[in-house]
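Since the structure of chain A is already known, use the hints to place chain B on it.
Spelled out, the chains give:
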Amino acid sequence: MAATDVIPPSEDAKLNMTPMIDITFLLVVFFMLTIDLSTKEYIPVELPYATEGVEDKEDPNTIVPRFIVNLTREGKIIFRGQEFDLASADPGIQDDNIQALKTALRQVHNEGGGTALLREPDGASKVPVMIHADWGAKWKYVQWIMQACADPQIKIYKLHFAVKKPPTEDGN
Amino acid sequence: MHLRLEEPDQTELNMTPMIDIVFQLIIFFLLSLKFKTIDERIESMLPKNMGTDIRPSPAPVEDKITLRVFRRNVERSEHAYTFVKLDGALQFRLPMGWQGRAGESPARVREYDATLAAITTALRERVAIYGGPASGVKGEIVAPPPQGGSVPHGDVVALLDSFLAVGMTDVRFEGAAAPR
Numbered sequence: 001m002a003a004t005d006v007i008p009p010s011e012d013a014k015l016n017m018t019p020m021i022d023i024t025f026l027l028v029v030f031f032m033l034t035i036d037l038s039t040k041e042y043i044p045v046e047l048p049y050a051t052e053g054v055e056d057k058e059d060p061n062t063i064v065p066r067f068i069v070n071l072t073r074e075g076k077i078i079f080r081g082q083e084f085d086l087a088s089a090d091p092g093i094q095d096d097n098i099q100a101l102k103t104a105l106r107q108v109h110n111e112g113g114g115t116a117l118l119r120e121p122d123g124a125s126k127v128p129v130m131i132h133a134d135w136g137a138k139w140k141y142v143q144w145i146m147q148a149c150a151d152p153q154i155k156i157y158k159l160h161f162a163v164k165k166p167p168t169e170d171g172n
Numbered sequence: 173m174h175l176r177l178e179e180p181d182q183t184e185l186n187m188t189p190m191i192d193i194v195f196q197l198i199i200f201f202l203l204s205l206k207f208k209t210i211d212e213r214i215e216s217m218l219p220k221n222m223g224t225d226i227r228p229s230p231a232p233v234e235d236k237i238t239l240r241v242f243r244r245n246v247e248r249s250e251h252a253y254t255f256v257k258l259d260g261a262l263q264f265r266l267p268m269g270w271q272g273r274a275g276e277s278p279a280r281v282r283e284y285d286a287t288l289a290a291i292t293t294a295l296r297e298r299v300a301i302y303g304g305p306a307s308g309v310k311g312e313i314v315a316p317p318p319q320g321g322s323v324p325h326g327d328v329v330a331l332l333d334s335f336l337a338v339g340m341t342d343v344r345f346e347g348a349a350a351p352r
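From first to last, the protein sequence lines stand for chains A and B.
If you read the first sequence in my numbering, its first letter stands for residue 1, the second for the next number, and so on.
If you read the second sequence in my numbering, its first letter stands for residue 173, the second for the next number, and so on.
Next up, chain A with everything else stripped away, as it sits in the complex (with noise of 0.2 Å):
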């Protein structure tokens, strides 16, 4: 056997591409299932606890949305990327506020020209509004909210109040 021995020289070594892509495809589709675009609207807030909720489940056979009012514990509301302050302690300035929230609320209720498929035959509204709320705003502003709401222009009178379960014993 001679001292120097030469190794071939390899073919053109080529990358096997396809179980990479075949694992690509499956995280897109992955993500693209469990994406959740709605928790966008929310903001992070403190939420209260309360034991006696329900799990919150849209209807799957409604096409009805839902809005997402936010409230943090200063006094701002924040609705589809609007701010409306509430601590102010100019109650012209909180009046004003608060018809631009009501504003808003009809604009985006009646986006679309849907406005017929989401009302009852007596103009109440279907549309849920979620309350999702920090534990330490004040009270006032989410009866503000309710009332705005209840505004004979806009009736909405479903409201769900977003909860957290309490912890229980060991920590669950």
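Source of the hints: derived by calculation from the structure; they are not laboratory data.
The reader is advised that the hints may include incorrect statements.
Straight-line alpha carbon distances no greater than 30 Å define the calculated DSSO-like cross-link-like pairs of lysine-lysine that follow [stated by the list, open to error]:
(1) B:K257 <-> A:K57
(2) B:K236 <-> A:K158
(3) B:K310 <-> A:K158
Which residues of chain B face chain A? A partial, calculated answer using Cβ under 10 Å [to be verified]:
(4) P219
(5) G321
(6) V328
(7) D333
C-beta: ideal position from N, C-alpha, C; glycine also.
Positioned in the frame of chain A, the structure of chain B alone reads:
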């Protein structure tokens, strides 16, 4: 005539742009992924005929159990507390300077829970006097302005939760009207 077509060279699909797009998609979904934070809700229905009435309606003759909530020492948050009266007789005081369940010691959380449990027990006894929740007895949470409006939303929800825990689902709210 017999034609013989030349075999084309072996063509290869260029996968690079597709893989680029797919990776972009993955990055988009990864960045926009946010797990749902809400698990539960309390459902309620506003009264259709009196939702925006700023004058308190004349008290109808009906069986009702009233919780009145007040906020004391509002000017000093560390001394502020929520005070609850059941039908004007029994009184309860939630812990002073309560910072929310997440910001309190286990002992203070137990104190808060014990007060709420006492309210629930007192409500249950009151409901039993009327013959149970099926008797049609109504609940009411009154937050008299101006101090009642400063009661934390979490405390009112906890009181609403107490009503629900004893089987009372018809609960009315009364409090400060919006400025106009």
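Hints, one by one, checked against the model:
no.: 1; hint: B:K257 <-> A:K57; verdict: 35 Å, violated
no.: 2; hint: B:K236 <-> A:K158; verdict: 23 Å, holds
no.: 3; hint: B:K310 <-> A:K158; verdict: 19 Å, holds
no.: 4; hint: P219; verdict: 8 Å, holds
no.: 5; hint: G321; verdict: 3 Å, holds
no.: 6; hint: V328; verdict: 5 Å, holds
no.: 7; hint: D333; verdict: 4 Å, holds
In the structure shown, a violation is registered for the earlier hint numbered 1 alone.
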